[in-house]
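Starting from two chains that each stand alone, build the complex the way the hints lay out.
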Amino acid sequence: MTATALQQEAQRAKRRQQIGGWLFVAPVLLLNLIVVVIPSAIGLGMAFTDWSGVGSMNFIGLANFQRLFQDGVFFKALTHNLLWTAFFLIVPVALGLLGAYLLSGIKRGQMFFRVAYFIPYVIAAVVNTQLWRYLLNPRVGIGPALSQCCGIEFLNVPVFGSRDLALLGVAFVDMWHFWGFLLVLYLAAMSGVDIELYEVARLDGAGRWAQFRHVTLPSIRPTLVFTILMITIWSGLVFDYVFIITGGGPANASEVMGTLLYTTAFQRFEAGYAAAIGIFMALWVAIATGGFVLLRKLGWEV
Amino acid sequence: MKTRILSVMLILAIVLMAVPAVGAQGDETVIAWWTETGTVPTNIQELFIDPWNDAHPGYRLEITDQPDLSTILRTAIAAGEAPCILQTPGASYIAEFVKAGLVQPLDGYAEQWGWADRLLPWAYEVGFIGDTLYSVPLTYESMVLVYNKTVFEENGWTVPTNLEEFNALAEAAVAAGINPLAYGNVGWQPNNEHLVGIYLNNVAGPENVYAALIGEKPWTDPEFVEAMELLRTHIADNGWFSGSLENYFANGWNEFWAEVTSGDAAMMMIGTWAFYVTELFDQAGAEWDWAPLPIFNERAGEYNYELATGSTLSVNAACPDVDAAADVINYLLSDPVRALEMSATRQFGEYMVPLRYSEEDFPADTDERLIRFFSDFAEVTGEGRFGYTSWTF
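Residue numbers (the working numbering), protein chains in the order written: chain S, 1 to 302; chain B, 1 to 393.
Next up, chain B with everything else stripped away, as it sits in the complex (with noise of 0.2 angstroms):
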């Protein structure tokens, strides 16, 4: 008998157990988002998830962010459990997705809300697939050269803008014990092609990067031989990145930037990303400041800023209500300002909308280092001064 009403129990207790916690949404439809963790801006809830709700009764809005995003992201979307809006690294990363028919077309939301007049060119089109617009970039980025301004003032330095003044410098680094560069892969493999990607552009030139990435030359050819030389003359032989090519190996983020905010190194050539944690300098005491990376050969013409997204958005085209997830989307493009309000909780590293900027735009106490940086951006690249990068698109 005792064991009859064990078992009976168990089998209770199990079906109950299966039984899926179903109505906890009740009548709202929820628009799911899923962002970077350490990215999303401290004032997101009041400055975009609460109006949007305000904006759209039935609906509710939910960020979320997660570490890890592109990895559980992919999970869930094979699952079928991904949420509306699909945040990935760059839009390279949603081709697959794509292809799979999981992602929404937004070209009519694009044309009904004027997407295009609103973004930057370059960032507008770099969500096409085809003839097809499937994503919009969340944040812009380029890379640039970051420096302990109190170490150059320290010993004299300026800021090098060719190869000569460059080598000039990293050569008067090492004899003051200093390592001319820090940084370092530990955690994100990817930050070798960073430096890829900037020595191909500023040794080969931006032209020749295109016309390999289009399949008119090879990359064998001899200017991104030499560029990929001279990249490891000044890694690998001279070890200028944090002494030497192992230690670049060993290097993580928190360990490249306790280099530079020291004054154990000099510069990095880094992302604008970067400008989110430039409070690391204050708090070691340390002056830091930004200039366009130098040209290392005559053919790479006048400095330039790599083009780059940080990462994309999407509509899930599994959503519950893909309008209303277009329209999240839309409310990010729709004001400058709330965009530029909330990206300064992240140094304008994060969340930097490629909206059309002015420079009123801007918050009144924006960093005069960082509007410089924005304010360049737009006129070199729009005078055509740009170049490519090989791990965003």
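Pulled out of the complex, with its shape left as it was, chain S reads as follows (with noise of 0.2 angstroms):
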């Protein structure tokens, strides 16, 4: 065999390579394309028709976009997106580097407490709303026992049907059963850390709170910003724990863009209007990945 034969079937032997690796993601791709693509495609388009959700669809150019900027509505939903962002990277992502960094001295037990705070994290949304609901009813909750038994009152508050509360009530359920999820991430980050670097800061004189800072915290960092990439884009997608809860009231008080856009495409018959709300949520999620991917870009370990 002469050497270009041998450089031809090299290239063939490639090209095959190459098909086979294309069959082999084409299903992906074609999974992809069923119910990615094209569902955005036509979700974009219906974004500029007045399509109830049945019958045929008009254009209707910007009208969509004009009046969502118009809509009071969506920018209270809009704003409770964000509040609900700033609780979840706040107060979870706070609890799970507490939580994570006290669990990781621990020898004995620790496995207990993993389970212990990730079990939350794998009941269903139904299950915990119910048993929330039941625990801050304002008749049989443990706002009106700790009332009667012992005179303490700052729970005896209706929680989700007050204007005031309501968000901050939906977010604490949710994030009671999130943040043991970031606790066992974080707690799996931290057991790579290499043990020597805290005994050289030991060695230094580094405190607990300073071997955190200077020693965990960059250790961990690709799982603390993948984590806070996804807090950022669930919380715009939020949806399951407040319908379930409030159904965004009382009076929009807890209205976020998921349920506005459930309301509006399921119950006022305005798919198009709500595929506008949907192409603001895919924003945000766009936003929030192209941040990520800038980070990487300029160099950051994520």
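Worth flagging that the hints you see were computed from the coordinates, not collected in a lab. It is possible that part of the hints are untrue.
[What the hints assert, rightly or not] Partial chain B-side listing against chain S, Cβ under 8 angstroms, derived: (1) E96; (2) F97; (3) A100; (4) Q189; (5) A250; (6) E287; (7) Y303.
[Said to hold, decoys possible] Computed footprint of chain B on chain S, listed as stretches where at least three residues anywhere in the stretch have a Cβ under 8 angstroms from a Cβ of chain B: (8) 42-56; (9) 138-148; (10) 280-293.
The beta-carbon is built from N, C-alpha and C at its ideal position, and this holds for glycine as well.
Next up, the structure:
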């Protein structure tokens, strides 16, 4: 066999390998095309129509977006999504880091705590929400019970029925089920930190806080940034806990973009306008993901 | 070689997965009807489905209960996969489907089978959009005062019939540490509209409400403002509904039922669908009864009953056999005794088809309180004393 023939055979083998690779990827690409790309394109198109959800649709240009920018309820919902994001970037992340750091120092019984904190995360949202609706029930919940037995009044408030507390109440319930997940992630990341780094830090006179700040945090930065990204995305798409507990009420006090989209599309027969809200939710995700990509391009280890 | 074999197997698997399951229906034409979970009569199979199937060889009626029916139905109809019989929460819901040309007109069937003579006149008329009949009600309802009779007897209270008596009773209840009323909107926010409808009818009066509904009066007229202010006073200022406005917003179906059956609250302003869960009073060891809602202003006249339909039935224009689907609806409307036997399994709170019943049509063991309601409802509304709801049409 000549060198040219060998080269041609090698090229053919390479092409076969490439075709094989594409064939393996094809089902996933096809699936993505069917369930992501095509519906997204249709949704984008719908945002420029007056479609009710059934029947014909008429092109109305940017009318849905003009309405969106004048819609006080939408801006209220958007504000709630921003507040939700801030809450979730602070409270569960802080709790997860603190819990993981404390647990990382425990040798015995660590598994028990890991399981205990993780359990709420694997319980269905509908179960978690019902549990907390009863716990915070203004008639038979822990609030009136504490008030009657011990005169403790601060919990004796109808959390989900109050316009001031509803959003915070729902966020708390969602956070309660979620923070254990972060704890397990951070704990796994902390277990990979080189123990010698801590020893060196101790020799340099670093206390526990300094060790956490200068050794632990930089070492788990990829996990931390990843969770921050995911929390930001999920906070823009939040729906289930709000929908089940308050439905966005009372009087839109806990309305988020997800619940507004749902009621607009499925209760008010305004699928076109709902699609415009959906575009904003997609934009939210795109911005969060874009920030992540930018950090990588800037050389961050994320 | 291995790669090639794997690739072929993978493609084969995908092709096999994509092949639809055809031929499962055999030669039968399926007439599908999706209905709401939790409302279906427990004897519907033997009293309705089996007899209809036996009388229609070559067809199979399938009634399936669905949670969140209206959402699922809307998605299905948009996808062209809706059942033959469309059950929606009210005639106004079907209007969007009608606009899209998805609903079969029923005029011809109504004329053929004399539906106008079988249905209560108002219930028949609500199915018209313009001059065309598109739906018939599956169940009819009204708003009443359901109360914990045990609590009333223990405290020596009587049912209020006007605002003065209502206020006196509410104040007495509050003094006794009992919430005058229980209610809430968690899980179904349109519950707010139940109360709005009651106060509009019983303060402004049904005639004014009707005039406003057809555009002859603005909703900002003083009588409507007065109605809403009274509701605000009762629910927000006085906290007569479950203790406070916030409690009302935190209460769902389970919570407000627990409140009234346990005696923590005395009454509820609720629809007659409540009849099908009045057994909760028995479980709590309390007795219940109902009464017409009190009239809050003289201009509203004597007590009345709001007219409401709980669900409506229509025929999907894309059904493979629209005649058979219409025949199913006709079968439902053709026998008052059978209709009541089915509804009895839901305490006449669901599947109460608005037919022209007589007292003899009710099963012999029917609760006296329920017969009292339906008799009085027929008599009072027959005299033209009825109100309007914002949440049903």
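Taking the hints in turn, this is what the structure says about them:
A distance limit of 8 angstroms between C-beta atoms decides the matter here; for E96(B) the minimum to chain S is near 5 angstroms, and the interface restraint holds. Against a cut-off of 8 angstroms between C-beta atoms, the interface hint on F97(B) holds, since the closest Cβ of chain S lies about 6 angstroms away. The restraint placing A100(B) at the interface with chain S holds, with a minimum CB-CB distance near 2 angstroms, inside the 8 angstroms limit. Annotation: interface hint on Q189(B) holds; nearest CB of chain S at approximately 6 angstroms, less than 8 angstroms.
For A250(B), the shortest C-beta to C-beta distance to chain S is roughly 3 angstroms, which falls under 8 angstroms, so the interface hint holds. For E287(B), the shortest C-beta to C-beta distance to chain S is roughly 22 angstroms, which exceeds 8 angstroms, and the interface hint is violated. At a threshold of 8 angstroms, the smallest CB-CB gap from Y303(B) to chain S is about 31 angstroms, leaving the interface hint violated. Counting residues of the stretch 42-56 of chain S whose beta carbon lies closer than 8 angstroms to any beta carbon of chain B gives 5, which reaches the threshold of three, so the coverage claim holds.
With 3 residues having a Cβ less than 8 angstroms from any Cβ of chain B, the stretch 138-148 of chain S passes the three-residue criterion, so the hint holds. Closer than 8 angstroms: that is the beta-carbon criterion, and the stretch 280-293 of chain S has 0 residues meeting it against chain B, so the requirement of 3 is violated.
Of the numbered hints listed earlier, those contradicted by the structure are 6, 7 and 10.
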